Each structure stands twice: as structure tokens, then as C-alpha cells.
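Using the sequences and the accompanying hints, generate a full structural model.
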Amino acid sequence: MATNPMHQFEVYRIGPEIKLGTIDISFTNASLFMVISSLAIILIFNLGSKKNSLLPSKVQLLTELSYTFVSKMISDTAGSKAKPYFAFIFSLFMFVLFCNMFGMIPYAFTVTSHIIVTFILASFIFVAVTIIGFMKHGLGYLKLFVPSGVPAVLLPLIVVIEIISYLSRPVSLSVRLFANMMAGHTMMKVFGGFVISLGIVGGWLPLSFSVALTGLEILVAFLQAYVFAILTCIYLNDALNLHH
Amino acid sequence: MPKDLFKTRLEIAKSKISNRNLHKDKKPPSSIGTAFKLSTELVSAVLVGTIIGFILDNTFGTKPWLILTFFFVGVVAGIINVFRSAKNMQK
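Line by line, the protein sequences give chains F and P. 5 is the number that this note's numbering gives to position 5 of the first sequence; each next residue is one higher, with no gaps. 91 is the number that this note's numbering gives to position 91 of the second sequence; each next residue is one higher, with no gaps.
The hints are simulated quantities; they were obtained by calculation from the structure and are not laboratory data. These figures come from a predicted structure and were not determined experimentally. Don't take every hint at face value.
Unchecked claim - Now the stretches of chain F that chain P is said to cover, found in silico as 3 or more residues with beta-carbon under 8 Å:
| no. | segment |
| --- | --- |
| 1 | 154–167 |
| 2 | 170–183 |
| 3 | 227–234 |
As the list claims (entries may be wrong) - Simulated restraints on C-beta separations:
| no. | chain 1 | residue 1 | chain 2 | residue 2 | range |
| --- | --- | --- | --- | --- | --- |
| 4 | P | F54 | F | I116 | 19 to 27 Å |
| 5 | F | M6 | P | F54 | 26 to 34 Å |
| 6 | F | Y107 | P | N58 | 42 to 50 Å |
| 7 | P | A13 | F | T130 | 36 to 44 Å |
In this text, a Cβ means the ideal position worked out from N, Cα and C, and glycines have one as well.
Printed below as a string of C-alpha cells:
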């Protein structure tokens, strides 16, 4: 079933079946691509930071550019207080970016097109940000749910709304990344299928669409990683500088 | 050049750069990124509200009522979410 556009999202086992109790923890193609992207990040950034020459090589330039990019993003959105979390946000951004970009290679598997992957990432961020908020402000962090200047009659309703709005953060964060990646890859596959079915006579139009879509998808892959990281910064900012 | 002099000059240059960055009107690097953000903001709050209502309904046995209430509370929360991120975009 090579023509099925959803076939590309199938997770299958590579190697032997490993079971931990009742949980299946076998090595799958998803885990393979996570390992590949992590290794690629480690390799590129080790190569780029090994030799600090004044006249940078291409790899060094790439590393330094991405460093300043993320560093500027953090200081713009979360202020100087968020500097200690640079390493976390940088690795998060790079991991999502590399997973998205590796998914653009034909026949590759896009890890971030599965909601479970993005949801785990997002809920990890959510839990971490909540813990940081409580550590910095103690129980005063709960003030986030009580906006100032609200009449006492409306307060219970507002608090419930605020809590739902707070809880919806990981959901919106994960759904956005997953939906964008999955929709884009499905669309590319569908247009690719049109090229085959229309043949050499009518296939040129969907082929040109496919080319344009590939460019768009590369943009989306970068943009979604960027949005993912910048929203983490915004949530971190809420936790560090409590003002509403 | 003495080291101290260099240091003060570096400090001055650094503060100049940060001042310039501060006064520059902060335009987000890509408005598409922030535009993508709005779409899921509304849906996720509705989803979370409905899930909370569903769970509470199952625990208290008040089958249709809490899910209905929390659905609408979720809608309100979603609209507030969208307003907030739109406000953030304008900043």
C-alpha cells in the first residue's frame, strides 16, 4: 500500500521485541529517527565548537548562528532571568527542528507527526514550568489564576476559566506541532500520488505543486520548531516574572 | 591600550547595543509563526474543558450536566486565550 498517504506514519518494530512488564519498549523506527536526530545534533555542535577560529568555518558559523538565535529569542521573550534555562530551551529547539527536518528527507519517518511524542515533550515543559513557578514564588504562584480587579461574584468562574486556560497550554502546544507536521506530510503524499495517477500527460501540475509544497513544508518545519521554543519561553516568562 | 580603558569602552558599546535593541520596535521575526499559534489556542481550551467535564461527570454521576457546563467554560477560556495571544502579538 505505497499509495496510502497515511502509510508513512506507521510505527513498526526494528529488531527484537523488548518487554518491560506489560509495556512494550521495543526499538521502533520512531526511536531510530529520534536517535539519528540526537546524534546529528551532537555531531554538528561538537564539530562546530571544537575549534574556535576567528575566521569561522561553515559548521562553526552554523553553531554560532543558532546559539545567538536562541539566546536572543530567550532574552527577548523571557528576559535575563531565563538565562539559566538556555541549555534546556536550546536542546528542545534543536531536537524539534532536527526531527522536523529529518522528516523532510524522502522515505524518512517524521517523529513529530505523532501526537504522543509532541504531547510528552509539551507536558514535560508544562510540569517543569509549573515546578519552577512554585519554586520561585511558593504558593504565590497561584495568583496566576486570580487576575486583579475582578469582582468577588465572578471570581469562582474566572478561576475555573483561568485553570482551564492554563491546562490547555500543553494541549495546544502539542496539537499545533503534531497537526502541522502530519497535515503537511499527508498533503505532500497526496499530491505525489496525483503525479503517479495522472501520468505523463496531466502529472505536471501536481508535480509543480509538490515542489512548492516541499518548500512550504521546510518553512513549516522550521517555523513550528521556532513556535514550540518561543512558547516555552513565554510560559517560562509567566513562571519567572509573575504579572498578569 | 590599557586593559581598564578597553573594558570601559566595551561596557559602553555593549550598553549602546542593548539600548538600541530596547528602543527598536519589537517586531516578531515571523508573523506566520504567531498566526499559526491562534488556531489551536481556541480548540485546545474547549478540548480540555470538555475532558474535565467528562471526568467530573463520571465521578459524580451527573451525566450530561457538568460536561455541558465545562464545554461552555472551555469555550470562554479559549476565547480568552486567543485574546491574550493576540494582545501579545501586538506588543
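Comparing the hints with the structure gives:
With 7 residues having a Cβ less than 8 Å from any Cβ of chain P, the segment 154–167 of chain F passes the three-residue criterion, so the hint holds. Three residues within the 8 Å Cβ limit are the bar, and the segment 170–183 of chain F against chain P gives 6, so the coverage statement holds. Against chain P, the segment 227–234 of chain F contributes 4 residues with a C-beta closer than 8 Å to a partner C-beta. That satisfies the three-residue criterion, and the hint holds. Range check, F54 of chain P to I116 of chain F: about 20 Å between beta-carbon atoms, so the 19 to 27 Å window is met.
In this structure the supplied range 26 to 34 Å holds for M6 of chain F paired with F54 of chain P, their Cβ-Cβ distance being about 28 Å. Our hint of 42 to 50 Å for Y107 of chain F and N58 of chain P holds, since their Cβ atoms are close to 44 Å apart. Distance hint for A13 of chain P and T130 of chain F: a CB-CB separation of about 40 Å, consistent with the stated range 36 to 44 Å.
The structure meets every hint from the earlier list without exception.
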